[in-house]
Amino acid sequence: MREQLEAIQAEALERISQTEDMKELQDIKVTYLGKKGSLTGVLRGMGKLSKEERPVVGEIANKVRESITAALDEKNEKLEQLQLEEQLEAETIDVTLPGRPVKVGGAHLLSSIVQELEDLFIGMGYEVREGPEVETDFYNFEALNLPKNHPARDMQDTFYITNELLLRTHTSPVQARTMQEYKGEKPVKMICPGKVYRRDTDDATHSHQFTQIEGLYVDKNVRMSDLKGTLDTFAKKMFGEDREIRLRPSFFPFTEPSVEMDISCKVCNGEGCSVCKGTGWIEILGGGMVHPKVLEMGGYDPEVYSGFAFGMGPERIAMLKYGVNDIRQFYTNDIRFLKQYHKA
Amino acid sequence: MLVSYNWLKNYVDLGDLTPEELAAKITKSGIEVESVEYVAEKSTDVVVGYVESCEQHPNADKLNLCQVDVGDQKLQIICGAPNIAEGQKVAVAKPGAILPGNFKIKKVKLRGVESNGMICSLKELGIEEKYVPTDLADGIFVFPEDATVGENVDERLNLNDAVLELDVLANRADALSMLGVAYEVGAILDQPVQLPEEAVTVIDEENVKSYISVEVEAADLNPYYGAFLIRNVEIKPSPLWMRNYLMAAGIRPINNVVDITNFVLLEYGQPLHAFDYDKFDSEKVLVRRATEGETIVTLDDQTRTLSEKNLVITNGKEPVALAGVMGGANTEVTAETKNVLLEAAYFDSSSVRGTVKQTGLRSESSTRYEKGVDPNRVKKAGSRACLLMEQFANGKVAAGVAEFDELDRSGKTVEMDINQINKRLGTEMKPDEVISILKRLKFEFEQNGTVFSVQAPTRRRDITIFEDMLEEVARMYGYDNLPFTLPQGASQAGALTQRQSLKRKVKNYIQGVGLMETLTYSLTNATDMKRLVSPEIREQAVAPVALAMPMSEEHKYLRLSILPELLRALAYNSARNHANLGYYELGSIFICDEEKVSKQPDEKLRVSGAITGKWLEHPWQQEKKDVDFYLVKGIVEGLIDHLDLNVSFRQAKIDDMHPGRCAVIEMNEQVVGFIGQLHPALAKEMDLKETYVFDVNLEEVFVAYEDIPSYTQIPKYPSIARDIAFILDENIHAGDVKDLIEEIGAPLVNQVGIFDVYQGANLEEGKKSVAYSLLYQHPDKTLKDDEVEESYQKIIEAVHEKFNAYVRS
Ligand SMILES: [Zn+2]
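These protein sequence lines are chains C and U, in that order.
At position 294 of the first sequence (counting the first as 1) the number is 484 in my numbering, and the numbers step up by one without a gap.
At position 579 of the second sequence (counting the first as 1) the number is 1719 in my numbering, and the numbers step up by one without a gap.
FYI, nobody ran anything at the bench for these hints, they're computed from the structure.
Incorrect hints may appear among the rest.
Unchecked claim - In silico SDA-like cross-links for lysine to any residue, where the CA-CA straight-line distance does not exceed 25 Å:
| hint | chain 1 | residue 1 | chain 2 | residue 2 |
| --- | --- | --- | --- | --- |
| 1 | C | 427 | U | 1648 |
| 2 | U | 1878 | U | 1947 |
| 3 | U | 1579 | U | 1589 |
| 4 | U | 1736 | C | 354 |
All values derive from a computational prediction rather than experimental measurement.
Build the full structure now, drawing on both the sequences and the hints.
What follows is the structure in structure tokens.
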């Protein structure tokens, strides 16, 4: 009987190792271990054995069963693995076909630039302030040292609504409002982005509506060299670490001394080219030390406080940084323009 | 201000600086030089020639055959100019010469006769036609006797001169004169300034007062009026050098008397006016305010009607000039003029500005008066002009000046402490450096330790306070030399306000769901101003906010809705074959709640969007669908959900919207915007496909956002989901049923959703089936089945009762 069992084992293991088919493996299992299987058949004859022989043969029979079962399981797993691999292979798709499209929106280039500037100045400790687009003559002009009949009022052609109301020509009124709100009691460190309006005919370089972002810092002992350092930091972050700045004297009624800031031309690296009109420099912004009258009207004692202010045009920055050559593009909303720059 | 480099050299030593180098220095010191242009393009081989003979061309009536001596040779040249004559000294372009415009001179044959070169006009030599004196407009240029035959014409005609265009800002009126520029350049280069001669050489025994007296009735507007008299002038062209300088400065030479007034105007920055004394018709100058309705014919032959705001010069009877702006035609200097009455006056800038604004006349004179002239140069300029008239018009200058004089000629004294300068600039300047700067500027000063008391010259009327001197010192020190520092004040953290963060959140969401941000104009036209205004705004807005002086009807009113401009942007793209778009804008509208605008309108933030055409242009593996109501509604619902708020939608009718596909958005029973389909008629008018819009009042949304608790506990106990489908009459709004379910189900029913709407087979005509999903949730315990069942049945009963609805089994 022992020989019989060993023969069954050998035969079964041989067949298991030969087969590569799941179905056949199942058949093998039935053939040897099934109710009518050969191992079962042999075991049925155990009753004829002596008391002493029975446990010995029983043990052998169990071992044979175990070894067949183990071989079956191992083979089964192997075949399942193969089957899965085959199946996955059959599921291969064309990965070069397009993905299912998702509608993609985006920010307007000017929004992106304003946001970049906001974040940059927030990082330097500035708060962001906003104000009305319809302003009073007082905040737009008088509080900024531009009394009625001041010759510099001609510099800014203004959209008036009534004698006292107008569309703001710059975002500076927000500075005046903030100073008044702070009542000369604490430092002011703010930027104010927003829409502004001038009585211009729209063409490639003029727009009756455009964007401005201005900054103001008022505190005790603010120096002109602080303005220079601040603008240098800004220029390098905005236009690249390799840019240099240059300040030139200028004139604005609300600052004294006043400055105009140029950055070195990126196209020619200061050598002079058509973009910078041969000068090697490109005008970026205006600013200066806050005029004592402006401080005074804002409620700050010019003997105690000093400050600097600066203002720039995101349109101009965009035109320089991204080569936009017509200011009207920003307001036409041509999809080809918007798509091109929404990643800016 | 156009500054001739050669002219400037008369007052200040420019060393060997090129015009471009000079321009760069001036720009860096504070007056921007916008351009450097040469009077003429470079020409070669153009010399002075002597016309030895001039005969008619044998074969052409209008041509002359000339024999011309050009020094090194004699040339036969054919010339067609009408003013050519024997004995003239002329500009000759020799064969091989190149004239401006790369025009090469060659030997040619004209009607069978050889011509070796060309006799040139000023225009041919490159001078802009508008500056060429009228008497030389149609002919060749003729040199004065003293020109040397064979010499190059460039220098004598000032063709090699460079003109610097200075952008003079409002504060630097001093730079509107050659002397002012000379002082500026002198300060930059540390050079002295050479002042012009002013003293008349021949003293006339006749005093001016026997010819003219001066009376001023408006001393506030005219604190100084000086009248000079120059007799027996000979009207002729002014000297060549003066004409050259005027042309370089952009002024066309006329005759010696007029040219001299213009020359001195440019030189001193002081306007002068020459009257023909014999036409003056009086021995008295009377300056007064014009009477209402009074008229004057100005030099440009226009009749001007005046008012009391205008200051006029009169002969005691009628106006002869608009003070500081333009002379009258009746006293104009002409070729016949013998005696000149010369005005040198100081007019108040605001008065001149007013007259300029009223008449639209802007001249070299008025520009200078508007910005303010130097009180100490008025009389000097008059004397200077007298001297030049003596020299170049052979006039006899009467002794003295008839004048009215209440002019304040004092300058400001500004105190500055060097410590204060260093504190403000961030520098460490020593007194010596400041002294050297003041000397370069030619400012007088007294020093007392670290304190300087600076006498600001009256040519620099912009300097009145410490900060003005601070700028002078800083710009002479050089902005380049200032150190780079960062503010030393206590640093604070910068941050966006909640409102600003919310704006960004809204934008990011809308961009995230596929809409492109746009920027449109706030100013719109009368039609669009009324269009697509949300109902709650229409209630508040009483009067339109209009510009007093719009540039065009297209941009006249402040908008009450963003949508019309947004639709315009869609139409623009649609016309260019981009018809599938989703656009939005976040911006302000302007509400005036008064009958007549008297205060600032309310500026309210809104976000509006418009979608048109296909949502996806190439919907690979998806349905190619047109945009529809539920897309735009989904976008708005998503936005509100993103902000953790609740709104409801109520069917509404709004002008310019599809009457059956429009809803107002309500939050706490208040309208906060609307959504829906643009009226097909308007869409058609704008050439748009089916278009859907939304418009949300962000002010209300942001206010509601304030009230949201910052955190709610996540429920600890399990929830139970139930679905239910009702068969309803098709005209019943699914949302109304939803509202009822929420009402009856509260507080156990936590969420109600609609997940299916069906109409058709198996349903009675006129009925629809709407399926709702209910989520039961109790904050403090696990719900029992019978509690849910009880609520469920109550809902079914209530819906049945109110809407006559049955549960679909
Ligand atoms: Zn360049």
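Looking back at the hints listed earlier, which ones does the structure fail to meet? Every hint satisfied by this model.
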